[in-house]
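Line by line, the protein sequences are chains A and F.
Just add 2 to wherever you are in the first sequence, counting from 1, and you've got the working numbering.
Just add 194 to wherever you are in the second sequence, counting from 1, and you've got the working numbering.
One thing to keep in mind: the hints can contain errors.
Taking lysine-lysine pairs in the DSBU-like style, the calculated list, with each CA pair at most 30 Å apart, reads [to be verified]:
#: 1; chain 1: A; residue 1: LYS193; chain 2: F; residue 2: LYS493
#: 2; chain 1: A; residue 1: LYS320; chain 2: A; residue 2: LYS213
#: 3; chain 1: A; residue 1: LYS213; chain 2: F; residue 2: LYS326
#: 4; chain 1: F; residue 1: LYS493; chain 2: A; residue 2: LYS213
Simulated from the structure, these hints should not be mistaken for laboratory data.
The structure displayed is predicted, hence computed values, not measured ones.
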Amino acid sequence: MRPQLKPIETFRDDFTYANSPEAVARFPFPFPEDEYRYSVNIEMATPGAPGSVFEHWFDVDEHYLGEVEERRIVLEEDPGRCRVLPHMIAAEWDTLEMLMTHFAQDYPHLFALQRDGERWTWENKALGIRDTFTFGDASTLSYGPFEYITRQTQGDFNVLDQREGDLFMDGGMITCPADWSLSFDLGMSFKQWHGPVPMAHELGVFDRALKYLLNLQVDRPVRRLNWTITMHPRMDTSPETYHRWGADRTKLTEDNAGELVHLRVELQLLARLPRSHGMLFGIRTYLISLQDLTTNPAWARRLHGVLSTLPPPIVEYKGLSRTRGPILAWLEATGLTAAV
Amino acid sequence: MKFPQTLSVRVARVEAVTPVIKRFTLVPAASEVLPGFSAGSHVLVHMPDGARTYRNAYSLLSAPGERGAYQIAVRRQERSRGGSVYMHERVSAGDVLQINPPANLFSLDRLAARHVLVAGGIGITPFMSYLKELAGQSVPYELHYAYRARTHAAFRDELAAQLGERLHEYDAAAGERLNPRALLAAQPLGTHVYVCGPESLIEAVADGARGLGWPESHVHYEQFAAPQPGRPFRVSCARSEREVEVSGEMSLLDALEAAGVEVPSMCRGGVCGQCETDLLEGEAERRDSYLPAALRSRKIMPCVSRANCERLVLDL
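Start from the sequences, fold in the hints, and give me the full structure.
Spelled out as structure tokens, the structure:
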């Protein structure tokens, strides 16, 4: 697919972000059934249907320019949103190579990569960038290799170190988190950073997931979808900026839910970094307003079903205690409800 | 859709490295490049031989990041189950082989302040890629290489040229012995030790480190328990209702695969955990280094473990 890039949209203040009908049609709706059911839902990230968000490892869509600009704004105010520990330098280069290679191969009208030994030339036509640098020599780039490439990418990323039979969050570019902080999680082990997740620890979910991920092979990535609800199409819902967005939830009513409420879906990709034996964790965030979501009645009914059957600890964990009632009321008013 | 399970590679070159070790250079047969890999990675080579297939894991010798070719070294095992003899006698330049993509159960720890590599004999192989990776880093490292005689020391001249004073040799034929405890006692805090070789060497290093109070996280070993022969036994597969005879020379996993019972596997050396199977009846003779004690009565790793009784019942 050749995505038509929209001009820069905003994810704050006047919120000009909006999905085209094509973007709505390809939205990664996350619920496989009408009731909430806990599942790890990890699957092999094999290439999906042409045009779908699963077609390529790293999806580029119409919101590219706006999301890259939003990242720039966040980093300007808080450079600590991108941090990588020094021992992850090999993983940084792995990430740069993986992203550049896939972008150039999957979106040749937007990106190009020329490799002449260690002398590489990267061209980003969308952003008007053309840089020649030496692979492996960070002094030839304007930022560290990880920051350099993730500044030109939609979605957040972590680089994970694998050691001692565990994974450690030893780096990241986190400017659009669903209420978690890289500064807080940096250096944590797999179970430590999943500490706040309710119910799953008792089910042994993280033991099994970790065992599975430790054996992840090169060129055999896996993916899963995660979701929550966000007021406004706001990408940066981080604890660091809670004072800006926390109160939005109090403005929600049954009447404005259609425009204010957004289903926030993360397409998470885990890929082995070949040379460092680290792992790249991509968190590509998609936002859709309740109103747009309702243009697909099956989705609206299913969202209603899932929200009505959410266990209380999950409601609390996802920060939905205050918002779930008005959302259900709004969906019921449209008549699109699930027969649960 | 699923990912393909194996990669096709063509044998570009076979060279004798010592009287009993051959080096194979493998180039892509069906693609332009091979998957990238990290220092310490291995590939599983499939060797179809009539009704059965040998599958042996071999460390990659080439530089991490090299995608044009892989290199492996195979030592002809006197008590081979067949794999190494197959590689030595039946594989030559031009042949096409199937391999599993690289996996790594013996990776470098990037937090180490210093790396000490200890190799015994053919255990040198994983360090060939390590040393290429370490050469580009600022962390100090050294290799301790013990072998039975100079003529059997694979890659010795190449290593001497590359490493200079970083290479420490122990030639048994000349009466030289490696003393693991003394070596470890002389290391500064923050050192990580990596050992690959015969079980006795691995144990000596692991015991030495433990005795000196080293944290487990700083001691790394690659212990592919190549499946050892044992007594024959019988297996009942409860779900597929199949009965499989396991001969003394065959591993349980090989026997199951030969009978058409699919079991996911990766290292085939009792390390990675992929082939973990529920044990419904019978007592296992445990030979893996994967299963925690609490699970040993209910689980079995069929790649290396066998039966302590006449018959096992597995949930397959």
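Given pair status - F/LYS493, A/LYS193, alpha carbons within 30 Å: holds, 24 Å
Given hint A/LYS213 paired with F/LYS493 - CA-CA distance at most 30 Å: holds, 16 Å
Satisfaction of hint between F/LYS326 and A/LYS213, Cα-Cα up to 30 Å: Holds - the C-alpha atoms of F/LYS326 and A/LYS213 are around 29 Å apart, at most 30 Å.
30 Å limit on alpha-carbon distance, applied to hinted pair A/LYS320 and A/LYS213: Roughly 26 Å separates the two Cα atoms, so the pair holds.
Of the numbered hints given earlier, the model fails none.
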